[in-house]
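Enquirer: Sequence:
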Amino acid sequence: MKVDIGNALATETDPGVSRDTLERLDEDVARAHERIAAGRADGEFGYASLNLPERTDAAEIEAAVEPLSDAEAILTVGIGGSALGAATVSESLGGLDTEGESADIPPLYVLDNVDPAHVHEILAAVPLDRTTVNVVSRSGTTAETLSNFLVVREAMEQAGVDWTERTVVTTGEAGPLRELADRHGMPTLDVPTGVPGRFSALSAVGLVPAAIQGHDIEGLLAGGQRAADSLSPSLFDCPAYAYGAVSYGVAQRGASISAMMPYAERLEFFAEWFAQLWAESLGKDGLGQTPARALGATDQHSQLQLYRAGPRDKLVTMVRPRERADREIPETDIEGLSYLGGSTLGDLLDAEFEATEASLAAADRPSVRVEIERLDAECVGELLYAMETACVLYGELASVSTFDQPAVEWGKRAARGLLGGGEFEEAEAVADKTELVVE
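Under our numbering, the first residue of the sequence shown is numbered 40, with each subsequent residue one higher.
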């Protein structure tokens, strides 16, 4: 993986960081690296996430899902980190087998919201008797996840499907979901200890659907390990630290928004995953960057207008694979379009990428280029691990508590109280809402 931070360093870039500033920041990076290394060595909560490439047992995951490998569809039931990691991994790898060849791979559907219309549509779309359900909840009590799972279970029963034979569970060591799985003898995998959900993509939490699809789980972990092995005390020697440090540096100078813009349809879920990682980890104590999600080249025709000519409060990160399958653009004699003939869609997408980058630079707006070799298992694993590490580094530099999410927990308690799940003062606060209704 390569990270080019040059367009965030130009002398006229606003907000931007100078090379001298980055040199000084590198001393803080070295200290942060020591803290991260110590946290990993001791298996501390959160820092243990960065040990997943060596902790995760690919063979255990593959053995657990083997009885369900006949699936014609996969339905992941989870929310937040219990769903986004799995969706990101599977969608990034697409319809490719372990050799990188096109294959007939069961599609992944995700139930990560309790919108009843959406749930109804998903259940109508999947062949319930040939679908593997992947339910994920560390506590086994997550209201949205368990509600959706109960709905899915009922739909299977009504369709005459034995849901116990078509479900794999990933959960904590104890809790209602663990008890249910044990009672019915369903294949069960562990949510790793010491790992917040948004950092768990390279564990069973994120890898079960990919394993059912036949993707290269060992390769994903090897890619993550490659990124782990690249960690060093200097941002100038470590792509992950370079990204985290520059993101922090420009945020200090006003880039309060981080726009993630991959140039590959298969990385659209990656931008979703990045948004949770960045927002939930760094949005503390009035600090952090607000993540924005874009897709190249689509959003050159919409959001780029704001990024180039709106407020100077954004860092745009552009991600692309250097190698990809391609398709020729047919020759045409239509006036004004003949220049396209003889080139390829890949050529056009690369031109769009470079034009966006140049457009931002010409307007003195900061951007970062992130490139991976290709969208295969190793490169995807490397990309995910690098972004997790960049996030941890940013948290260290900003002195925020990267691994907790108190605002999220407040909302969970309020919702549970409103549903009659206990007495919670957060639920009582709902009644204090100020109203000014216009009809």
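Where hints are given, some of them may not hold.
Here are the computed lysine-lysine pairs in the PhoX-like style, where the Cα-Cα straight-line distance is at most 25 Å [stated by the list, open to error]:
(1) Lys323 x Lys472
(2) Lys451 x Lys323
(3) Lys472 x Lys451
These are calculated hints, taken from the structure and not from any lab test.
Note that the coordinates shown come from a computational prediction; the quantities given were computed from them, not determined experimentally.
Enquirer: Taken at face value, is the distance from the CA of Lys451 to the CA of Lys472 at most 25 Å?
Expert: With a Cα-Cα distance of about 17 Å, the restraint between Lys472 and Lys451 holds, given a limit of 25 Å.
Enquirer: Checking one constraint from the list: CA of Lys451 to CA of Lys323, max 25 Å. Satisfied?
Expert: Holds, at roughly 18 Å.
Enquirer: Does Lys472 sit within 25 Å of Lys323, going by the straight-line distance between their CA atoms?
Expert: holds, 23 Å
The earlier numbered hints are all upheld by this structure, with none contradicted.
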